[in-house]
Amino acid sequence: MTVPPDRGVSRRSFLKGSAVVGIATTGLDAAAGAVRPTRPASFGPGQHEIALLVNGSEQKVKVETRTTLLDALRDGLDLTGAKKICDRGSCGGCTVLMDGVAVNACLTLAMDAVGSKLTTVESLTDKDAVHPLVQNFVQCDAMQCGFCTPGMVMSSLACLQKRGKPTVEQMKHDLSGNLCRCGTYGRVMEAIERTAQAGGK
Amino acid sequence: MSQHPAQDPSDGVEITVGYKALPGQQDRFEKRTVEPKTGDPLPWDANTQFQVVGTDVARVDGLAKASGRAKYAYDITFPGMLHGALLRAPIAKGKLKALSLDEASAMPGIAAVVALKEVGNKVRFVGDAIAAIAGVSQHAVRDALEKVRAEYEAEEHNVDYNVAEGAPLLDANGQVEDAWPEAKEIEEALGKAAVTHTGTYRTEVQTHSSLETHGGVAKWNGQDLDFWMSTQATFGVRGELARALQGRGIKVGTVTIHAEFVGGGFGSKFGAGIEGLACALLAHAAQKPVKLMLDRFEEHTTTGNRPGALMQARAGVDKDGKLVAWDWRSFGHAGFSGQGGSVAVPNYYAIATKPRREHKDLAIDTDPPRPMRAPGHPQGWFGVELFLDELAAKAGIDPLAFRLQNDREQIRQDQWRFGAAEFGWEKARAHQNAADARWRRGVGLASARWGQLGNQGRPAHGATCRVHQDGSVEIRSGSQDIGVGLKTVMAVLTAEELGAPLAAVNAIAGHTSDPSGPAAGGSMVTPSLAPAIRQAAYRAKLQLREMVAKHLGVPVGDVDCKNGKIGTGTAQLPWAEACKLIGPNPIDVRGERLANFEKPFHATQCGAQFAEVEVDTWTGIVHVTRMFGVQDCGLVIAKKQAESQVLGAMIQGVSYALHEQRIMDKRSGRMLNGDFLRYKITGPKDLPELRCHMHSIANGHDSVGAAGLGEPPSVASAAAIANAVFHALGAPVRHLPITPDKVLAALASKKA
Numbered sequence: 000m001t002v003p004p005d006r007g008v009s010r011r012s013f014l015k016g017s018a019v020v021g022i023a024t025t026g027l028d029a030a031a032g033a034v035r036p037t038r039p040a041s042f043g044p045g046q047h048e049i050a051l052l053v054n055g056s057e058q059k060v061k062v063e064t065r066t067t068l069l070d071a072l073r074d075g076l077d078l079t080g081a082k083k084i085c086d087r088g089s090c091g092g093c094t095v096l097m098d099g100v101a102v103n104a105c106l107t108l109a110m111d112a113v114g115s116k117l118t119t120v121e122s123l124t125d126k127d128a129v130h131p132l133v134q135n136f137v138q139c140d141a142m143q144c145g146f147c148t149p150g151m152v153m154s155s156l157a158c159l160q161k162r163g164k165p166t167v168e169q170m171k172h173d174l175s176g177n178l179c180r181c182g183t184y185g186r187v188m189e190a191i192e193r194t195a196q197a198g199g200k
Numbered sequence: 000m001s002q003h004p005a006q007d008p009s010d011g012v013e014i015t016v017g018y019k020a021l022p023g024q025q026d027r028f029e030k031r032t033v034e035p036k037t038g039d040p041l042p043w044d045a046n047t048q049f050q051v052v053g054t055d056v057a058r059v060d061g062l063a064k065a066s067g068r069a070k071y072a073y074d075i076t077f078p079g080m081l082h083g084a085l086l087r088a089p090i091a092k093g094k095l096k097a098l099s100l101d102e103a104s105a106m107p108g109i110a111a112v113v114a115l116k117e118v119g120n121k122v123r124f125v126g127d128a129i130a131a132i133a134g135v136s137q138h139a140v141r142d143a144l145e146k147v148r149a150e151y152e153a154e155e156h157n158v159d160y161n162v163a164e165g166a167p168l169l170d171a172n173g174q175v176e177d178a179w180p181e182a183k184e185i186e187e188a189l190g191k192a193a194v195t196h197t198g199t200y201r202t203e204v205q206t207h208s209s210l211e212t213h214g215g216v217a218k219w220n221g222q223d224l225d226f227w228m229s230t231q232a233t234f235g236v237r238g239e240l241a242r243a244l245q246g247r248g249i250k251v252g253t254v255t256i257h258a259e260f261v262g263g264g265f266g267s268k269f270g271a272g273i274e275g276l277a278c279a280l281l282a283h284a285a286q287k288p289v290k291l292m293l294d295r296f297e298e299h300t301t302t303g304n305r306p307g308a309l310m311q312a313r314a315g316v317d318k319d320g321k322l323v324a325w326d327w328r329s330f331g332h333a334g335f336s337g338q339g340g341s342v343a344v345p346n347y348y349a350i351a352t353k354p355r356r357e358h359k360d361l362a363i364d365t366d367p368p369r370p371m372r373a374p375g376h377p378q379g380w381f382g383v384e385l386f387l388d389e390l391a392a393k394a395g396i397d398p399l400a401f402r403l404q405n406d407r408e409q410i411r412q413d414q415w416r417f418g419a420a421e422f423g424w425e426k427a428r429a430h431q432n433a434a435d436a437r438w439r440r441g442v443g444l445a446s447a448r449w450g451q452l453g454n455q456g457r458p459a460h461g462a463t464c465r466v467h468q469d470g471s472v473e474i475r476s477g478s479q480d481i482g483v484g485l486k487t488v489m490a491v492l493t494a495e496e497l498g499a500p501l502a503a504v505n506a507i508a509g510h511t512s513d514p515s516g517p518a519a520g521g522s523m524v525t526p527s528l529a530p531a532i533r534q535a536a537y538r539a540k541l542q543l544r545e546m547v548a549k550h551l552g553v554p555v556g557d558v559d560c561k562n563g564k565i566g567t568g569t570a571q572l573p574w575a576e577a578c579k580l581i582g583p584n585p586i587d588v589r590g591e592r593l594a595n596f597e598k599p600f601h602a603t604q605c606g607a608q609f610a611e612v613e614v615d616t617w618t619g620i621v622h623v624t625r626m627f628g629v630q631d632c633g634l635v636i637a638k639k640q641a642e643s644q645v646l647g648a649m650i651q652g653v654s655y656a657l658h659e660q661r662i663m664d665k666r667s668g669r670m671l672n673g674d675f676l677r678y679k680i681t682g683p684k685d686l687p688e689l690r691c692h693m694h695s696i697a698n699g700h701d702s703v704g705a706a707g708l709g710e711p712p713s714v715a716s717a718a719a720i721a722n723a724v725f726h727a728l729g730a731p732v733r734h735l736p737i738t739p740d741k742v743l744a745a746l747a748s749k750k751a
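Here the protein sequences come in this chain order: A and B.
For what it's worth, numbering that gives the first Met the number 0 labels the leading residue of the first sequence as 0, then goes sequentially.
For what it's worth, numbering that gives the first Met the number 0 labels the leading residue of the second sequence as 0, then goes sequentially.
Wrong hints could be hidden among the right ones.
What the hints assert, rightly or not - Just a sample of chain B residues kept apart from chain A, beta carbon distances all over 12 Å, derived:
#, residue
1, Asp55
2, Ala429
3, Asp480
Unchecked claim - For lysine-lysine, the following DSS-like pairs were computed, each having C-alpha atoms within a straight-line distance of at most 30 Å:
#, chain 1, residue 1, chain 2, residue 2
4, B, Lys146, A, Lys164
5, B, Lys749, A, Lys171
6, A, Lys61, B, Lys353
7, B, Lys679, A, Lys126
8, B, Lys70, A, Lys59
9, B, Lys146, A, Lys61
10, B, Lys639, A, Lys59
11, B, Lys70, A, Lys126
12, B, Lys146, A, Lys171
13, A, Lys161, B, Lys679
14, A, Lys61, B, Lys579
15, A, Lys171, B, Lys287
16, B, Lys146, A, Lys161
17, A, Lys126, B, Lys426
18, A, Lys171, B, Lys639
19, A, Lys171, B, Lys679
20, B, Lys639, A, Lys164
The set of hints was computed from the structure by calculation and includes no laboratory data.
All C-beta atoms in this analysis are idealised placements derived from N, C-alpha and C, irrespective of residue type, glycine included.
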């Protein structure tokens, strides 16, 4: 497990004394060229404005010290792809990439994400350009209700970036933090496999 | 069959029903004479050549979901929107003695506080809702909840089914000890049987565990309420909310429910619930939009569950292995209401005597059950199918041979044979585990059944079809797509009937401003709406044909709509050109869900599933290695989405068989594992190799012939896995979930 640099104390590490769940990737430099915002010098009670580097652009959002990255993305920036399902890091529905590493946004404090490059599921689809992984999720019908799907897509992306052509066991391992109640795991793995075969990351 | 309607079909038309042979089996076709209703297209049948129906089309809202842009109720926001949450009772039984909301109301950022119980009201379970608060942020609300002063008068509670009122006595082996009620005929039949068997089976309470919790966003505009709700019954919750609000003296104009995307329901989301009412009340009090979504613990403990069951069977077979006697009784695990714990059992295993089925619900002080995917079935099928395997083993008969001998459904007879060949049953069943092997392999099978040919509605359900001059088509239903693929089904049926490109069709579902449709329950939506959708498209087609005929100067009776072209012979217009004739006001028609024809090919849906397990005899851990399912759902409309439902049901079956159980703390009455860390559901690493075969049948019950699919594939899976475990161990585990302790106990009992 690789812990990205300069991350401060996450909610999980604060509570459990362990490092943030994550896997190393070969890096997704969505924010290349942008200046990294810095964290405020001190935090007090009440709301603070911070700047997050999300999908390549700096965005201002008001948070409390206790606000999670997930709540900041959803309530502050209206990026609602990441979902709060368990709120305890046990389902992966809130998975985003932080400096290229898949993290549970519900276990990450928003203030600890200042200075990191954040990638959310929304960045994979533009008007004309749809990431091959997202296309393959659609083609393989790797979803039913779709509520876990954004988290699945982000964990799958991290898996592809880390491994290139993952084996079935590697896919199961990398997806093992993601839960789906409808039962779409098999087709999610098909989507990863198809993307890998076409060389897409 | 011609696409064109008879002017007066009252004499009836002949159609072909049935199905093409499953590989290695026979064709099963029959002729039927049906009488299409006036205004309905001629029915599709076994000879219809489809262009879109039954093909591999992508889910029409797939990109919205995979891109994260789909807006679920939980994702809806408005400027100035408030967040809401509920205060829940910490005791399992008693009364609310005092309630003060003043301090909470005065907290910073709090906009509305509503009492949901009055002093003196009963508290019925841990989690009963007491009050609701709305404020500017989730944090502000959480802080305010801590300032509510509620006092309770606790009474003695019970959350243990073993000591619930009316619970039967069990012996040291967990078998029901109470004598069977007298039944002369059954006793006689058992007396004559060559081999008899008896056994007690248990299942635990399972929670629905939808990933999107219950709740939504309420927004008032004067007396009109718009509610974006995570629901599987848009029209049901509309009525429920309107009544409940009026009951509290609130003047209600129009209530419109929006449920365009729903993050799972599985039977738990038929009602607006106390959270829905609270959200609407808070929004009304604050005069601002309010979002109220339950948290994971509330979802596990206050939104229903699949009840556990205690079941006992006794039966006998004659010397040829034919069932000649059967007796059954069950006890359902209900909540405080004492209802909803019922168990269903298969009715197609032919039995000479009149079978008896007794059932009693046991009440305890918890959240009551709600329907969950095939209510009553997975528990009952587990009990019956494992019991039958035990009986067959006693009689020295292979489980497959036993089913073929006793199952009276022709469709499933074909499925048993086909499935067994496809799965490699004979070879896998013959596998002998070495006596000292750590890993033991086994295979099992089980049947599935459901009976859903559509709710014909009172008044009839409908669908709206609009064809615009730019070539785009809208097909609309107020029913909701909770993930089964309703929108895809709507688009496929519309494109098929209109001969329009699939990409031109926009399917819109989930707004009660559109035509009425059923709740997503009982596998009802597709079979109920399919004929209405087809009829709407058909009526639009009639209008378009007339415009094209006039434009081309050809007789309207000759004009056909197919493959994106409209016309006849060499006089054809491409779809987009034809639609230009429409003008600024679209073709705008409504289709209705008319009554079914009288004699369908088959009244129920059949399925069969096969499972292989590997059991670690050291740790007791069971791993399902592969499963195969064959499933009938009448006409398969959207193949990939149908398969997804079957595969997903099998994964849920693994979860039910091996993992899921609500664990209650007797002293506090509280659920101990109300989260996804301790309430285990099947994850990616538990995934077996899964395959399914959609058994498409021309059922001839209406103009489309679609039957229910949501429930049936979830009936068999846990039973097939339990049978595989029995095969692997040589001893049955009669209590779901099949956790390591029970596996080790079964192994020990075998040695003893």
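For each hint, the structure was consulted:
Against the 12 Å criterion, aspartate 55 of chain B falls within the reach of chain A, whose nearest CB is about 9 Å from its own CB. Every C-beta of chain A lies more than 12 Å from that of alanine 429 of chain B, the closest at about 28 Å, which supports listing it as non-interface. For aspartate 480 of chain B, the shortest C-beta to C-beta distance to chain A comes to about 9 Å, within the 12 Å cut-off, and the non-interface label is violated. Restraint check: the Cα-Cα separation between lysine 146 of chain B and lysine 164 of chain A comes to about 54 Å, which exceeds 30 Å; the hinted pair is violated.
A hinted pair counts as satisfied when its Cα atoms are at most 30 Å apart, and lysine 749 of chain B with lysine 171 of chain A does not qualify at roughly 35 Å. Restraint check for lysine 61 of chain A and lysine 353 of chain B: the C-alpha separation of about 70 Å exceeds 30 Å, so the hint is violated. Between lysine 679 of chain B and lysine 126 of chain A the CA atoms are separated by roughly 39 Å; this puts the pair beyond 30 Å, and the hint is violated. Between lysine 70 of chain B and lysine 59 of chain A the alpha-carbon distance is near 23 Å, which keeps this suggested pair within the 30 Å criterion.
The straight-line distance between the Cα atoms of lysine 146 of chain B and lysine 61 of chain A is roughly 25 Å, inside the 30 Å bound, and the hint therefore holds. For the hint pairing lysine 639 of chain B with lysine 59 of chain A, the CA-to-CA distance comes to about 42 Å; that exceeds 30 Å, so the pair is violated. For the suggested pair lysine 70 of chain B and lysine 126 of chain A, the alpha carbons sit about 17 Å apart, so the restraint of at most 30 Å is met. With a C-alpha separation of about 45 Å, the suggested pairing of lysine 146 of chain B with lysine 171 of chain A is violated against the 30 Å cut-off.
Only pairs whose Cα atoms come within 30 Å are accepted, and lysine 161 of chain A paired with lysine 679 of chain B is accepted, the gap being roughly 28 Å. For the suggested pair lysine 61 of chain A and lysine 579 of chain B, the alpha carbons sit about 51 Å apart, so the restraint of at most 30 Å is broken. With a C-alpha separation of about 45 Å, the suggested pair lysine 171 of chain A and lysine 287 of chain B falls outside the 30 Å cut-off, and the hint is violated. Between the alpha carbons of lysine 146 of chain B and lysine 161 of chain A the distance comes to roughly 48 Å, so the proposed pair goes past 30 Å and is violated.
At most 30 Å may separate the alpha-carbon atoms for a hinted pair to count; lysine 126 of chain A and lysine 426 of chain B exceed this at roughly 53 Å. Annotation: proposed proximity of lysine 171 of chain A to lysine 639 of chain B holds, straight-line Cα distance about 22 Å (limit 30 Å). At roughly 17 Å between alpha-carbon atoms, lysine 171 of chain A and lysine 679 of chain B fall within 30 Å of each other, so this suggested pair holds. Taken as a hint, the lysine 639 of chain B and lysine 164 of chain A pair is honoured in the structure, with Cα atoms around 25 Å apart against an allowance of 30 Å.
Comparing the model with each earlier hint shows violations of hints 1, 3, 4, 5, 6, 7, 10, 12, 14, 15, 16, 17; every other hint is respected.
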